[in-house]
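Participant: Take a look at the letters that make up each chain.
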Amino acid sequence: QSALTQPPSASGSPGQSVTISCTGTSSDVGGYNYVSWYQQHSGKAPKLMIYEVNKRPSGVPDRFSASKSGNTASLTVSGLQAEDEADYYCSSFAGTNNFVFGTGTKVTVL
Amino acid sequence: EVQLVESGGGLVQPGGSLRLSCAASGFTFSSHWMHWVRQGPGKGLEWVSRIKSDGSSANHADSVKGRFTISRDNVKNTLYLQMNSLRAEDTAVYFCARSGYSSGWYYFDYWGQGTLVTVSS
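Chains B and V, in that order, are what the protein sequence lines are. Per our numbering, the very first residue in the first sequence carries number 1; after that it's consecutive. Per our numbering, the very first residue in the second sequence carries number 1; after that it's consecutive.
Next comes chain B alone, as it looks inside the complex (with noise of 0.2 Å):
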């Protein structure tokens, strides 16, 4: 299974979105809408951002949106702020019981 592709960086300015895609196949993204995003700072563990392609867990703030369309899936970050700077990684369910992550994105607040 090879991993689902991302743009290995983005950035924006305080205030600016910035938006992320994801990129797979019709056996993953494009095949199931469970596609889940997650955060990770430098040396620490991945947090749940969205999952089931748009929903946002409580807590998440609205400003973190997410969509899919056909084999592609997309992370908006609105109105960026210096504790987005961080990795981004999209993850789907790949079917036979398998899940696949993305490349990953660093996020960078200029």
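If you are wondering where the hints come from, they were derived from the structure by calculation, not from laboratory data. Please read all numbers here as calculations on a predicted model, not as lab measurements. Note that CB positions come from ideal geometry on N, CA and C, so glycine has one too. There may be inaccurate statements among the hints.
Claimed, not checked - Straight-line alpha carbon distances no greater than 20 Å define the calculated EDC-like cross-link-like pairs of lysine to aspartate or glutamate that follow:
1. Lys68/B / Glu52/B
2. Lys52/V / Asp73/V
3. Lys47/B / Asp109/V
4. Lys47/B / Glu46/V
5. Lys47/B / Glu85/B
6. Lys43/V / Asp87/B
7. Lys44/B / Glu1/V
8. Lys106/B / Glu85/B
9. Lys43/V / Glu89/V
10. Lys44/B / Asp87/B
11. Lys52/V / Asp109/V
12. Lys47/B / Glu1/V
13. Lys43/V / Asp62/V
14. Lys106/B / Glu83/B
15. Lys47/B / Asp62/B
16. Lys106/B / Glu46/V
17. Lys44/B / Asp109/V
18. Lys43/V / Glu85/B
19. Lys44/B / Glu85/B
20. Lys76/V / Glu1/V
21. Lys55/B / Asp109/V
22. Lys44/B / Glu46/V
23. Lys65/V / Glu89/V
24. Lys47/B / Asp87/B
Stated by the list, open to error - Restraint ranges, calculated between C-beta atoms of paired labels, are given here:
25. Pro61/B / Ser120/V: 37 to 43 Å
26. Gly16/V / Glu85/B: 34 to 40 Å
27. Gln81/B / Lys65/V: 40 to 46 Å
28. Gln81/B / Ser85/V: 41 to 47 Å
29. Asn97/B / Leu116/V: 24 to 30 Å
30. Ser7/V / Gly79/B: 38 to 44 Å
31. Val75/V / Pro7/B: 41 to 47 Å
32. Gly16/V / Pro7/B: 33 to 39 Å
Fit chain V to the known structure of chain B by using the hints.
Facilitator: This is chain V only, laid out in the frame that chain B set:
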């Protein structure tokens, strides 16, 4: 408060074995599917294994199939990963993660801090 605390990592020679543990608290452990996810040094996340809430079913990534075995003890509220025939490419921080449930058990809603496994001679 949900807590997941991994232990058992360390330095092991290629071909050796190690057993990781993950002690869970703050939730009904026996009600949740559980996973192991690893992250190589400077690399991304890689799903390793998952086990059903009652332990009756388990799955492993192709990269570890036949070498790693996930298991659980719902009395001790502990998740395990038995790792055999270890290779250099298994070097990673190993996280245990709880599966959250919405329309299925398809995301990871809580993570431990991880335990480092280094495979080297």
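Participant: Against each hint, give a clear statement of whether it holds in the structure.
Facilitator: Against the structure, the hints:
no.	hint	verdict
1	Lys68/B / Glu52/B	holds (10 Å)
2	Lys52/V / Asp73/V	holds (12 Å)
3	Lys47/B / Asp109/V	holds (7 Å)
4	Lys47/B / Glu46/V	holds (15 Å)
5	Lys47/B / Glu85/B	holds (13 Å)
6	Lys43/V / Asp87/B	holds (11 Å)
7	Lys44/B / Glu1/V	holds (18 Å)
8	Lys106/B / Glu85/B	holds (8 Å)
9	Lys43/V / Glu89/V	holds (11 Å)
10	Lys44/B / Asp87/B	holds (10 Å)
11	Lys52/V / Asp109/V	holds (15 Å)
12	Lys47/B / Glu1/V	holds (15 Å)
13	Lys43/V / Asp62/V	holds (18 Å)
14	Lys106/B / Glu83/B	holds (13 Å)
15	Lys47/B / Asp62/B	holds (15 Å)
16	Lys106/B / Glu46/V	holds (17 Å)
17	Lys44/B / Asp109/V	holds (15 Å)
18	Lys43/V / Glu85/B	holds (17 Å)
19	Lys44/B / Glu85/B	holds (13 Å)
20	Lys76/V / Glu1/V	holds (18 Å)
21	Lys55/B / Asp109/V	holds (12 Å)
22	Lys44/B / Glu46/V	holds (16 Å)
23	Lys65/V / Glu89/V	holds (14 Å)
24	Lys47/B / Asp87/B	holds (10 Å)
25	Pro61/B / Ser120/V: 37 to 43 Å	holds (41 Å)
26	Gly16/V / Glu85/B: 34 to 40 Å	holds (38 Å)
27	Gln81/B / Lys65/V: 40 to 46 Å	holds (42 Å)
28	Gln81/B / Ser85/V: 41 to 47 Å	holds (45 Å)
29	Asn97/B / Leu116/V: 24 to 30 Å	holds (27 Å)
30	Ser7/V / Gly79/B: 38 to 44 Å	holds (39 Å)
31	Val75/V / Pro7/B: 41 to 47 Å	holds (46 Å)
32	Gly16/V / Pro7/B: 33 to 39 Å	holds (38 Å)
Violated hints are absent here; each numbered hint is respected by the structure.
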